[in-house]
Amino acid sequence: MTSIELDDLDRERLAGTRGKAEQLAMRMLVAAAETSGATEFVPIEFAHIGSCHYTGRLALDYAEFLLAEGATLAVPTHTNASLIDIHQPAMRPEAATPEAVRGAARLMEIYEALGCTAMWSCAPYHEARTRPTVGTQIVGSESNAVSFFNSVLGARTNKYGDLLDVCAAIIGKVPLAGLHTDEGRLATHELRLELTDAELADSSLPHLLGIIMGRAVGTAVPVLTGLPSATEDELKAIAAAAATSGAVEMFHVVGVTPEAPTFSDATGGRPVDRVTVVDREALAEARMLLTTTDSEHIDSVCLGTPHFSIDEFGALRKALAGRRVHDDVCLVVTTSRAIAHELGLRGWRAELDELGVEVVLDTCTYYPPQPSGVRGTVMTNSAKWAYYAPGMLPINVVFGGLQACADAAVTGQIGGSA
Amino acid sequence: MKITGRWLHGESISGEVLRLDEPLSFWGGLDPSTGEIIDQAHPQAGASMAGAVVAMPGSRGSSGTPGVLGEALRTGAGPAALIVTKADINLVAGAMVAESLYGVDCPVLLVDGETFASLTTGTRVEHAGPGSLVD
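Residue numbers (the numbering used here), protein chains in the order written: chain A, 1 to 418; chain B, 1 to 135.
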């Protein structure tokens, strides 16, 4: 029945002689192979899993089952963001949604007990010591991280959904298909930038490019031409936005990303199926999608979707320039424990505290239960936040650059100057 | 009419079809406690999956889909079966875990576009041998 190549160990697992957890994990991987059409497995060296994010009682029962059945992890495994910041329980109070908050806390304990590294971040790639390198086969789950791993680091992963990702970490391999193969990584769609220098210099450009890319290409692998340079944080913004408005799991930028020194490298020397021109009009259209109100008054500012890097904190300090956040505005920045530690070492954490900036760890602010302080009209510099939050929380959103967000946080007004 | 396809999970379907005209992200798109489609932008928003043979093009790529499908199956508000046009591991994963943890059955059948086009809401389908259904 199954067309995937199995070894003796795989057959033992399927027969249940190595326990129920490995049996289910192996059955899930065989099912994954059957849906992808793969005929062989490939070993992985690293996993970043999302099963540790609470989506309901089943997520918890599943994790309890894996723990009780003695499941162990075959590869270093990092955790994606949680529903809660356990160090700041007031952010998503237990009293408001007791089952979800308690469930999320227990889920965090279980995945740590299973042997995961407690990263609790959607941007685990900011941790330089554990970054996968070019050509490494890995498992990713979080959409922006999958795209960053593939596009920016040259590691190889498809997007693995909840429940399945941890199976791959337990067994240590995945079906050889899609972005794990050379062929699957070649671009079939060109995104051609025809923009002025001023448009190229706009700090919101990467976010808008990502939104345009996702809408134009859906699930294809695109190649961007006409973007002279991009920092890692800019590539991260493209990755996050393109995985939000579409399902882009990998993109190339000619002359910038590791598998696209030339256009021909990105496409495997073949012509692309489609070309989409990105001009001023396309940018304006993308920008319109990201704002739901013409209110000039701001209640909150949400930054850090995906989790802020240390350089992004540096840019925020510069944008605030020592000004305090307005008393009626809540400015929240989400980031990882690793970056927060670095903030402490640099003395930035105390400085941001004094300016009234709330640094939240382990989670994000765009999904329910509604975080305290995130209300009314919310400004963000993240296209991902702006695209998702109005469908998930009772708020309105205004999209803008980091400087505009900082100014709004200080004055309580959009476009206001302090 | 006899419908044929390939079983991605389970091997028997019977019930009344609910047809979804577009893919659905279960995370944020389905209330797992009621089975109601809550994605307001979806053409079948407001319809309930509970107990239905849900014919759909597939899920949207959300990583949360398996957990939410499984959760709906746990609460009893999930579909009786799924008929899809895309071999969608996220739906299979949710169905497999719900079966393993709770013994809830939610078979998943892969069909071609022509077969999918013939399935309309309210059609009764029955199992008719390996990989086959009749309506």
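Just so you know, these hints were derived from the structure itself, not from any lab.
On a predicted model such as this, the values are computed, not experimentally measured, just so you know.
A couple of the hints might just be wrong.
To be verified - Selected chain B positions facing chain A (Cβ under 10 Å, derived; list incomplete):
id, residue
1, R19
2, N90
3, L101
Claimed, not checked - Stretch by stretch, here's where chain A covers chain B in the computed footprint (C-beta under 8 Å, at least three residues):
id, region
4, 24-34
5, 59-71
6, 92-100
7, 112-126
We treat Cβ as the ideally placed atom computed from N, Cα and C, and that holds for glycine.
Structure-based check of all given hints:
no.: 1; hint: R19; in the structure: violated, 22 Å
no.: 2; hint: N90; in the structure: holds, 4 Å
no.: 3; hint: L101; in the structure: holds, 5 Å
no.: 4; hint: 24-34; in the structure: holds (count 3)
no.: 5; hint: 59-71; in the structure: holds (count 11)
no.: 6; hint: 92-100; in the structure: holds (count 7)
no.: 7; hint: 112-126; in the structure: violated (count 0)
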